[in-house]
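Residue numbers (our numbering), protein chains in the order written: chain A, 1 to 119; chain B, 120 to 233.
It is worth saying that the hints were derived from the structure and are not from the lab.
Just so we're clear, the structure is a prediction, and the values are computed from it rather than from any experiment.
Where hints are given, some of them may not hold.
Said to hold, decoys possible - A few chain B residues facing chain A, derived, Cβ under 8 angstroms:
| no. | residue |
| --- | --- |
| 1 | H162 |
| 2 | K168 |
| 3 | F209 |
To be verified - List time: in silico DSS-like cross-link candidates among lysine-lysine, alpha-carbon distance up to 27 angstroms:
| no. | chain 1 | residue 1 | chain 2 | residue 2 |
| --- | --- | --- | --- | --- |
| 4 | A | K55 | A | K41 |
| 5 | A | K41 | A | K66 |
| 6 | B | K188 | B | K225 |
| 7 | B | K225 | B | K180 |
| 8 | A | K64 | B | K180 |
| 9 | B | K225 | A | K41 |
| 10 | A | K64 | A | K14 |
| 11 | B | K168 | A | K41 |
| 12 | B | K180 | B | K168 |
| 13 | A | K20 | A | K64 |
| 14 | B | K190 | B | K168 |
| 15 | B | K168 | A | K64 |
| 16 | A | K41 | A | K64 |
| 17 | A | K64 | B | K225 |
| 18 | B | K177 | B | K225 |
| 19 | A | K42 | A | K66 |
| 20 | B | K180 | B | K190 |
| 21 | B | K177 | B | K188 |
| 22 | A | K14 | A | K42 |
| 23 | B | K190 | A | K42 |
| 24 | B | K225 | A | K66 |
| 25 | B | K168 | B | K225 |
| 26 | A | K42 | B | K180 |
| 27 | A | K66 | A | K20 |
| 28 | B | K225 | B | K190 |
| 29 | A | K64 | A | K42 |
| 30 | A | K42 | B | K225 |
To be verified - Between beta-carbon pairs, the in silico distance windows are:
| no. | chain 1 | residue 1 | chain 2 | residue 2 | range |
| --- | --- | --- | --- | --- | --- |
| 31 | A | K14 | B | G141 | 40 to 48 angstroms |
| 32 | A | V119 | B | I131 | 47 to 55 angstroms |
| 33 | B | D173 | A | P8 | 39 to 47 angstroms |
| 34 | A | K14 | B | A136 | 42 to 50 angstroms |
| 35 | B | S230 | A | S9 | 35 to 43 angstroms |
| 36 | A | P40 | B | G181 | 28 to 36 angstroms |
| 37 | B | K180 | A | G61 | 32 to 40 angstroms |
Every residue, glycine too, gets a C-beta built ideally from N, C-alpha and C.
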Amino acid sequence: GAVVSQHPSRVICKSGTSVKIECRSLDFQATTMFWYRQFPKKSLMLMATSNEGSKATYEQGVEKDKFLINHASLTLSTLTVTSAHPEDSSFYICSARDSGPEGKNTEAFFGQGTRLTVV
Amino acid sequence: AQSVSQHNHHVILSEAASLELGCNYSYGGTVNLFWYVQYPGQHLQLLLKYFSGDPLVKGIKGFEAEFIKSKFSFNLRKPSVQWSDTAEYFCAVRLNSGNTPLVFGKGTRLSVIA
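Same shape as in the complex, but just chain A (with noise of 0.2 angstroms):
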């Protein structure tokens, strides 16, 4: 089946570095990504939806200079959460459908998720 590969899977970060996330689409092109935020004990929320060779679209409440999202191609997108702090600690996932007339009728497939703890 399609795999979506996220990483770092686990990530330590000192407050105010940055921190770049990569999720891939290793067997399908998509041209539309997906990030979500996961808290604890907590469902995913979606923090935007990333288009390949267009601005992302962040949902309300997310800012969108503090989480820098790239596009650059149809089977890679990078979430980098700037000047981190820690109430950015969270698990972050991404998500990818394949944008072909193969993955009409699919359902998203999911990264192994980015477990982010800023200290």
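Following the hints, put chain B in place on chain A, whose structure we already have.
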């Protein structure tokens, strides 16, 4: 706005008991429906999905779900749970138009005790 409600926050069952997890959504249009499972320390995995056709959907590991359009529901069922079913279960809905994101319920934690 679309929303998904999962009524049970935490369910505790003994092995071999039957399971039903509730899921209701609020959207009047055509939707795609999903149940995902997240085992401890692992990423989300698809259990089953509904796009169209037979409203009773069979998934992996003996799970099934029934789409009842009139009730806006997509409840997950399993006749006999196992200890290995201990996990977090998420119901999700997507508008059947374009490349839209999934909207998730808050999840239900299932604990199966021996």
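*Hints broken by the structure, by number, lowest first?*
4, 8, 15, 32, 35
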